[in-house]
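K.L.:
Using the sequences and the accompanying hints, generate a full structural model.
4 protein chains.
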Amino acid sequence: MSSFQIRTDLALEARESINESEKELRGVRVEEYYRKEEDIQVTKVIVESKNAAKTMGKPMGTYVTMEAPALVEPDEDYHREISECLAEELYKMLPGHEEEQSILVVGLGNREVTADALGPQVVDNLFITRHVVKLYGKAAYNCDRINQVSSIEPGVMAKTGMETAEIIKGVIRETAPDVVIVVDALAARSTKRLNRTIQITNTGIQPGSGVGNHRNALTQESLGVPVIAIGVPTVVDAATIVGDALEKLLQEDNEFDCVKYMGQHRHAFTELNNMYMTGKDIDAVIKRVSFTVSEGINIALEKGME
Amino acid sequence: MSSFQIRTDLALEARESINESEKELRGVRVEEYYRKEEDIQVTKVIVESKNAAKTMGKPMGTYVTMEAPALVEPDEDYHREISECLAEELYKMLPGHEEEQSILVVGLGNREVTADALGPQVVDNLFITRHVVKLYGKAAYNCDRINQVSSIEPGVMAKTGMETAEIIKGVIRETAPDVVIVVDALAARSTKRLNRTIQITNTGIQPGSGVGNHRNALTQESLGVPVIAIGVPTVVDAATIVGDALEKLLQEDNEFDCVKYMGQHRHAFTELNNMYMTGKDIDAVIKRVSFTVSEGINIALEKGME
Amino acid sequence: MSSFQIRTDLALEARESINESEKELRGVRVEEYYRKEEDIQVTKVIVESKNAAKTMGKPMGTYVTMEAPALVEPDEDYHREISECLAEELYKMLPGHEEEQSILVVGLGNREVTADALGPQVVDNLFITRHVVKLYGKAAYNCDRINQVSSIEPGVMAKTGMETAEIIKGVIRETAPDVVIVVDALAARSTKRLNRTIQITNTGIQPGSGVGNHRNALTQESLGVPVIAIGVPTVVDAATIVGDALEKLLQEDNEFDCVKYMGQHRHAFTELNNMYMTGKDIDAVIKRVSFTVSEGINIALEKGME
Amino acid sequence: MSSFQIRTDLALEARESINESEKELRGVRVEEYYRKEEDIQVTKVIVESKNAAKTMGKPMGTYVTMEAPALVEPDEDYHREISECLAEELYKMLPGHEEEQSILVVGLGNREVTADALGPQVVDNLFITRHVVKLYGKAAYNCDRINQVSSIEPGVMAKTGMETAEIIKGVIRETAPDVVIVVDALAARSTKRLNRTIQITNTGIQPGSGVGNHRNALTQESLGVPVIAIGVPTVVDAATIVGDALEKLLQEDNEFDCVKYMGQHRHAFTELNNMYMTGKDIDAVIKRVSFTVSEGINIALEKGME
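Here the protein sequences line up with chains A, B, C and D, keeping their order.
First residue of the first sequence? That's 1 in the numbering used here, and the numbers climb one at a time after it.
First residue of the second sequence? That's 1 in the numbering used here, and the numbers climb one at a time after it.
First residue of the third sequence? That's 1 in the numbering used here, and the numbers climb one at a time after it.
First residue of the fourth sequence? That's 1 in the numbering used here, and the numbers climb one at a time after it.
Wrong hints could be hidden among the right ones.
Chain copies aren't distinguished; within one or between two, either way the pair holds.
Quick list of in silico lysine-lysine cross-link-like pairs, BS3-like style, CA-CA up to 27 angstroms [unchecked claim]:
hint : residue 1 : residue 2
1    : Lys169    : Lys134
2    : Lys287    : Lys134
3    : Lys50     : Lys138
4    : Lys192    : Lys134
5    : Lys138    : Lys36
6    : Lys54     : Lys192
7    : Lys92     : Lys303
8    : Lys303    : Lys138
9    : Lys192    : Lys36
10   : Lys50     : Lys134
11   : Lys92     : Lys44
12   : Lys36     : Lys50
13   : Lys92     : Lys138
Worth flagging that the hints you see were computed from the coordinates, not collected in a lab.
P.N.:
Put into structure tokens, the structure is as follows:
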């Protein structure tokens, strides 16, 4: 119906965009549960067939979405309860989590653009252990089992002249992690999900949307190791917002031909293409959300070790 | 006609928003000239009557707008030609410029929010002289005449707990500058003006729009000294963008009742209220534009001195 | 005996530098206690007479020093126990703490110089309430009593062209706080105190040492309101280090004339004058210590309110 | 004679530390010239034999040192003349410079520690072309010949958990540059060389000194491509300063046994081991020097292309 591409990084929203009649889509399994105490809605969308993947515009795999309205609010304890829920979901998705392993966390995005700084700020607060274990052994941490955690902030192509994937591939070849966790700021379709939602997926990262499009595929297929992606939507695509307003209009006014209208105003829409929309207090939000996410990763990577 | 408030900090755009028939508004004088070599269009809007001020939604005073398409582009020399044009216009507007004087430059905005960091980044690159002249005399600069330049980055209310105006008033009382220059990131109505336009006005800053709304009045009336404001539009208000799309629509479809539509969708529009829209490469743009503006101020404040 | 000026911001060290025989100095009262659980040694030095002040090189007043070796170490909880001890000592020293009051916290120092960034980083993490109470009343915090907390990072003279004291005086005149708390990075005499010690004093800040010397007097006398200074030594003065090495030498070698030696090598010592010494991991240390100090201030300013 | 290790990254200083009698060392060739107009002293030290390398404590290769006293001073034009001299010397040392090639510039060091931020700040200002040429061809730059320039800031081991060399090797394997240029902040022996000297060498980087010791070998041998290192001394090692003071003393006082003394005071010296000394205005200095160096690299990499 719509000539709009679905511009969202959230599987949850991709599914919502599908016509009601198709929602009981074959090949898509949905599980939901609500954590009352923490006020977190967890939705697991499992895309099981190629056909479903095509309809959704999302690759096959598992997408866990945590909707936590509190995430965007200030909190003395940086929402420890959300970190712990994230840790649980991440731990479940982490292949080989019962063994000690080596994990590389990649902070995607541009530290200099506030809404895109989630990845870099998350890796700032990780508990990094690989170099210590390599140099001094586990004794340095006074424990029998420990994961070797490393991290990298690859930067953006305009500054490095290299694709993010090139840098990550090189680092993986040289340091041979067992798993890669990629953290990135996402684009949502709806402003109401901004900074309130965490998505965890075992499909990695596909080229396409995101805040800065600093991406080619970062997937198990391209990198050769399992890739888990953690993302928080921090922006809404500007063209999407305008398009949505027009679609609402269309629903009320059957005379109005949305597609024709957009064709006639192509220039106005083109000019929106490299724009994004974000909140005015985005700096404080990103700082807090990053801390909650990094603590979630820290807890997950210490689970089962001691 | 429109139920939209004119959401622009640019006098130029405020004037464009007025119905054609009213453009020959009594009390508004417009002078334009084009600098061919530098490709800079300079427009001077002088609002001369209270009535005109009300219609325009802009206080009485002089607004010089430099439209310089090259401003947004990378340049080895940071667009020295634009700095020089800015210096000229600023110098003309600077009261008492033929005498040595003391000038306080205020960098408004939030350094941590990329699109709002223009003011802070401009003061980073200023040539500050006041303390040296006070401690060592003009001899330190080997010259007979020199302005005493000081600067402050007052920060944002969420971090200081104080209105910007309180901080500035205090500093003015204590250091008694002859003139204040305020630098701030602005909101434009049209994406095509983003980062391509510099506005210089002797009306100071009014509470209202801007990126972060970090403002109550910073005007000659409130501060007791002449206030010149220099601004560059770096964002577009999100509600404005959507509203504009709807208005275009209205022009084509006389059946469509824009005001009614917006009333019915109040929630969607409210949610846009604290959002703004900006470009994806805003970090690099702000860095470059800030440098061009700070050089313009530096040159202006050295003019006539030696 | 020594031709060295005592280069330390710590009253504790100033006192140690005094000859043994003079330690029972009239006009200096010392109280000590040890908090075993937290491993914090608290020493209170009260300089009660002008004479004692002159011998110590420190103004009359109370100096509380917390020696907390753990402060420099990483800790998941950012050493909450040290924050709480700091809060207790700060609260005791805070005049009028049983009433609601307005408190301005000043973060001295240069954010761009790692070892000097303590003050700016502390104010980044404060719980700022003044603007909210002014705009929405205490209801906004759902409480009956609350302090109005504001903060400012005045920056350094090379960037502002103004003395820190000018800016602070202006802000005080305009916003009329009841008390000022000043936070600054200090210089210690001994490397073993670096980043392990917190000094709290009701004498404010005197021009002189510190990392960046960004100071003229910030005292009750100069500002007109009580001033409490909180400092952590993050650097050692380079000339002090070299001088100390020479003095140790002197103690062992009676033939060696230290004063003469230094006279003969004046140039080498002069060149050290604008140098300081700090640790290689100073960035991580400052980040952690700042957080512990800001939490201490937050807790103190919430004590007795609810 | 001395029990001190020679703690300097400058070949020039290493050579000065050698006894006078040995200076006419076999296997070390020295060429000097003075550029009067720019006030730059250029010294080329060529270490030609293994024996000489051992005595110098520097690997075989060519070391060009530019002593430019103006480098540390503010300058409106960021010392373009020094950038041009650096470009010339770098260009001469660059293998294959007459052909188009692919060049990876590595910014070593810790952006968060001011004195160690030279490398990261230099790569911030480079003219990066590789991605544009790859995506759009040389046509994008309107030229026939152009080098493909990429850059990376690998970060420090405490944050990444990886050795710098691991990251660089991986990136080289994946992107196959023809030459690597490494930029780093160095440690000097003498405060008078701080921020006034640029060293260019084709020996790459050896593990050892530097500000943050973020290094294992980055050399042609370890990386498989030619490596040119550009460094500016921004700190003096603390132990070196104290040791130097003692040695001067020794020269005057033959009774004094420096080695014995240091043995007796081992603790005091150990405690200096992770300390460094730097100037109080290091932030402004690093910002300016970085710009001069990055311009030097930009000019060199555009030479001969068009």
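K.L.:
For each hint, tell me whether it holds in the structure or not.
P.N.:
Taking the hints in turn, this is what the structure says about them:
Taking CA atoms no more than 27 angstroms apart as the test, Lys169 paired with Lys134 passes in both settings, with 21 angstroms inside one copy and 18 angstroms between copies. With identical chains, the CA atoms of Lys287 and Lys134 are at most 27 angstroms apart between copies only, with a shortest distance of 26 angstroms across copies and 31 angstroms within one. In this assembly of identical chains, Lys50 and Lys138 lie within 27 angstroms of each other by CA distance neither inside one copy nor across copies; the values are 44 angstroms within and 39 angstroms between. In the homo-oligomer, the alpha carbons of Lys192 and Lys134 never lie at most 27 angstroms apart, since the shortest distance is 45 angstroms inside one protomer and 29 angstroms across protomers.
In this assembly of identical chains, the alpha carbons of Lys138 and Lys36 never lie at most 27 angstroms apart, being 39 angstroms within a copy and 30 angstroms across copies at closest. Within a single copy, Lys54 and Lys192 get their C-alpha atoms as close as 26 angstroms, which meets the 27 angstroms cut-off; across copies the closest is 36 angstroms, which misses it. For the identical chains of this complex, Lys92 and Lys303 are intra-copy neighbours only, at 11 angstroms inside a copy versus 42 angstroms across copies, given an alpha-carbon limit of 27 angstroms. In the homo-oligomer, the alpha carbons of Lys303 and Lys138 lie at most 27 angstroms apart inside one protomer (16 angstroms), although the nearest pairing across protomers, at 42 angstroms, exceeds that limit.
Proximity of Lys192 to Lys36 under the C-alpha cut-off of 27 angstroms is restricted to the intra-copy arrangement: shortest distance 20 angstroms within a copy versus 47 angstroms between copies. Proximity of Lys50 and Lys134 under a CA criterion of 27 angstroms is satisfied in neither setting, with 42 angstroms inside one chain copy and 32 angstroms between copies. For the identical chains of this complex, Lys92 and Lys44 are intra-copy neighbours only, at 12 angstroms inside a copy versus 53 angstroms across copies, given an alpha-carbon limit of 27 angstroms. For the homomeric pair Lys36 and Lys50, neither the shortest alpha-carbon distance inside one copy (35 angstroms) nor that between copies (58 angstroms) is at most 27 angstroms.
In this homomeric assembly, Lys92 and Lys138 come within 27 angstroms of each other (Cα to Cα) only inside a single copy, at 25 angstroms, whereas the closest approach across copies is 44 angstroms.
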